[in-house]
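**Student:** From first to last, the protein sequence lines stand for chains A and B.
Residue 385 in the numbering used here sits at position 385 of the first sequence, and the numbers go up by one each step.
Residue 1116 in the numbering used here sits at position 116 of the second sequence, and the numbers go up by one each step.
Worth flagging that the hints you see were computed from the coordinates, not collected in a lab.
You may find that some hints are simply not true.
Said to hold, decoys possible - The calculated DSBU-like cross-link candidates involving lysine-lysine, where the alpha carbons are at most 30 Å apart (straight line), are:
(1) Lys131/A / Lys1267/B
(2) Lys168/A / Lys209/A
(3) Lys168/A / Lys182/A
(4) Lys131/A / Lys1186/B
(5) Lys12/A / Lys1102/B
(6) Lys120/A / Lys168/A
(7) Lys305/A / Lys265/A
(8) Lys114/A / Lys1102/B
Here the structure is a predicted model, which is why all the values come from computation and not from measurement.
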Amino acid sequence: MASITMKNIVKKYGDGFPAVNDVSIDIADGEFVILVGPSGCGKSTLLRMIVGLEDITSGDMMIGEKKVNDLAPRDRNLAMVFQNYALYPHLTVFENIAFPLRLAGASESEITEKVNAASKTLELDEHLQRKPGNLSGGQRQRVAMGRAIVRDADAFLFDEPLSNLDAKLRGQMRSEISRLQKRLGITTVYVTHDQTEAMTLGDRVAVLKRGVLQQLASPRQLYSNPGNLFVAGFIGSPPMNFLPAKVSGTSVELPFGTVQIPQDKADKVAASAANGLLMAGIRPEHFEDAAVVDASRQGSTFRAKVDVVEWLGNEAYAYIPFEAPPEVREQLEQLERDLDGESLRTQLVVSLDGTSRIAEGDEAEIWVDSSKMHLFDPATGENLTVDLDNAGYIHGHAMAEAAEQPAAAG
Amino acid sequence: MRGTNKVGIGVGFILIMVWCLLPVAWIISLSFKSQEAITAGSPGFLPTSGGSAGFQNYVDVLNDEQFRRAIFNSIGICLIATALSVILATLAAYAIARLEFKGKRFVLTTALAIAMFPVVSLVSPLFDMWRTLGIYDTWIGLIIPYMSFTLPLAIWTLSAFFREIPWEMEQAAQVDGATSWQAFRKVIVPLAAPGVFTAAILTFFFAWNDFVFGISLTSTEAARPIPAALSFFVGADPFNRPASLLAAGAVVSTIPIILIVLVFQRKIVAGLTSGAVKG
Ligand SMILES: Nc1ncnc2c1ncn2[C@@H]1O[C@H](COP(=O)(O)OP(=O)(O)OP(=O)(O)O)[C@@H](O)[C@H]1O
Ligand SMILES: [Mg+2]
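Pulled out of the complex, with its shape left as it was, chain B reads as follows:
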């Protein structure tokens, strides 16, 4: 009984992994093939002996000024949006979880409504507004919409975490001589760290993967993020898009997100609050 269960789980696991990772594997495979081999048709998973480009595609991509700008834009915009969003969400979520104030329900429902708003419908009004305000095609022009779409999620996630933290923690800190701010910073925030990093990862994902805002609110490489830049990526021949270069670009652009997840994941240790109060 146990044995068949284990086998079943193993098989299911492999199926899901294959399902999820096949496209990724294919892109990686593409990125190692030469342009000619792809144009000529190269159906195999591993590059043929003549059609392998080695790391040449990666070298080309990284040598491309446009691509480097886009990576820089993406990292900058996403980090700033994430940091601002998480800081604001932490403060807002704390207020929602701990304080009684008028309009609390309103804030929460509005936040939810915003999160459910279709992104596309905002593009043209934002386009006009940003042009008028002069922040079209700037970092800030992307950071603002990213924040407004990730804040609700971050606030909801974080206020759930804050609610889990026993009131006594804060009161103990106050009796120990802390101001409200010190209690918040030295006790509450460290205890909510898993929540903070969860919110950070979600925010960063959203911003990094955004395509709609990236392509419609930018016009030059001054602010164009990676997903948009990849779609503008035309090689020497405009009628023949460099698939292998694009694949290499796509692979490179997933590296930061993997790094971020690895870094943040260490902070998301479950059960950090255990031991605060009796079992």
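The following block holds chain A by itself, in its conformation from the complex:
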């Protein structure tokens, strides 16, 4: 077992395109780190550089205390589960799992013992003599895991291991992977673009966009303290609502009316607010039907016409269209492209309590917890109201911190 340290890792492919650009991540021994991001953001490339299947253009890759930039995959002692499993079809399940052990020259008795232990863990006992071609998707996935856990690797690397499974199996395997990782306590890097996997599995989540690390934080921190528009839009489903906002003092003018924000947030945004419109980000669950909210709860209310209501039993989603000025709409369209087409129409999605009686076409009274509102600079996408102590690493902020430190020391 070992830690993995990436320092300013850059990967340029033959055409000069930087698939991974200046990424630094410290992964502690035993930690479970998730790499997420839209398609083509460089997740697989980064993972493949860790395992050694891709050359590193510049930067340092350390496993434990050792720099491994120039080591071949087999000298790095890492185990990887490929997206399409890459099982050896000409070998039985037993031999597939035994493959790394045989290469390492283990004795026959050791091989039998270890393979049987792995197959017991993964419930593959009855399939050991079958060929991978005859197994179901989930079973193949487990064989691939078996091949990874059978050796004493320093870390596990997973590249979207569940993306080929159906939803139900994915849920099962997800908890299985989580349990296995906790039991073995082995350093793990896991690539996915599935929200649920990212939020439930990881100790920390690294969000990538076009090869650049946007934020590295715990799932909770990412959700409540996104560092910029991209992270805010990427994490959460349904996604955060983005509205044009005009801020003056503690009052924020939204398309539906004016709400109040706490003084400390107002202070943070005052400088940018002077320059014009900001972008407000509010999660769907921070809205509510005013009729079902305790009068004691802090917040503002506004009236709006509800377009569509989706009632799910425990909750309901109401959709409220709004007009956005051109500069905001442009920003939203750009964000939509960055997020890989995750649709962000200029409509508000609000989550209502299941008991809410609001119906389609109603002019409804909606309550909003405006203290939870984030305010973004529309030009840079930066979250102006972010709680820096509670947001892990944010792209752009680390440099500011580094610049501050000498000043503080001096």
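Fit chain B with the ligands to the given chain A structure using the hints.
**Tutor:** Positioned in the frame of chain A, the structure of chain B with the ligands alone reads:
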């Protein structure tokens, strides 16, 4: 509709089988007739009661020292040429399918050009060269041209197979601790086995059936292969070629090729790569 289709297929199948197998059947029939019966004229398919030679022709052929040498030469030369050709082609095809290197297109087009070269045009230059080099009328003198004509085909066949194998197979092996060579030998080659055996069969066919090189690059039974030897096969009477003996020789000389096909065919199981990756 279905019924007539089936009947049509059946009839077509029988027609083609008859078309292909009639000459073979005729040769087999000839090989069981006695020499006298053939000389006297024996038009029937089955030997007449007096004209049947039983297995005597086969016994005679197998007792013939010349014929036995020729069979031995053919088997030896063809097996060696096939083995060398397939090994070389496997390595070359792997490089072509997997590696980026200068001159890759050149290798491929040259290989194709060689395969299209008319065999006959090479005979006299080779004859002169081999005499100078001292490998005229030796096994190696035949193995070399056989290889150069079968390599291109083998390389093309095999590189198609290698391209089908997902990259991840090899990368998985490397992550599992294999060197490039181990990954090649333990994962890639077994997966390409159908291709390897296809190439082997094609190579063996070419070498076994070759007549032009066999007759022009040999002068004695030191290296003369079966097809050439059969044409030199004269019985007791030089003016009256022993047709029934030749027929028996021809039948005997097809047996190795049938055996080889049967053995190799088992290895050519389709869909060996299924299950490597998700469906
Ligand atoms: N062999 C290559 N040559 C050139 N460019 C490449 C190569 N492989 C990947 N890229 C580029 O690098 C970028 C990152 O690719 P990568 O496979 O790491 O994305 P990803 O985040 O894993 O995406 P996905 O979620 O679709 O798997 C992409 O823009 C891709 O076009
Ligand atoms: Mg990928």
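**Student:** Each of the hints needs a verdict: does it hold here or not?
**Tutor:** Status of the hints after comparison with the structure:
1. Lys131/A / Lys1267/B: Satisfied, since the Cα-Cα distance of roughly 17 Å is no more than 30 Å.
2. Lys168/A / Lys209/A: Since the Cα atoms of Lys168/A and Lys209/A sit roughly 29 Å apart, the hinted pair holds (cutoff 30 Å).
3. Lys168/A / Lys182/A: 22 Å, holds
4. Lys131/A / Lys1186/B: Between Lys131/A and Lys1186/B the Cα gap is close to 16 Å, so the pair holds against 30 Å.
5. Lys12/A / Lys1102/B: 22 Å, holds
6. Lys120/A / Lys168/A: 22 Å, holds
7. Lys305/A / Lys265/A: Satisfied, since the Cα-Cα distance of roughly 29 Å is no more than 30 Å.
8. Lys114/A / Lys1102/B: 45 Å, violated
The structure is inconsistent with hint 8 alone, although it conforms to all the rest.
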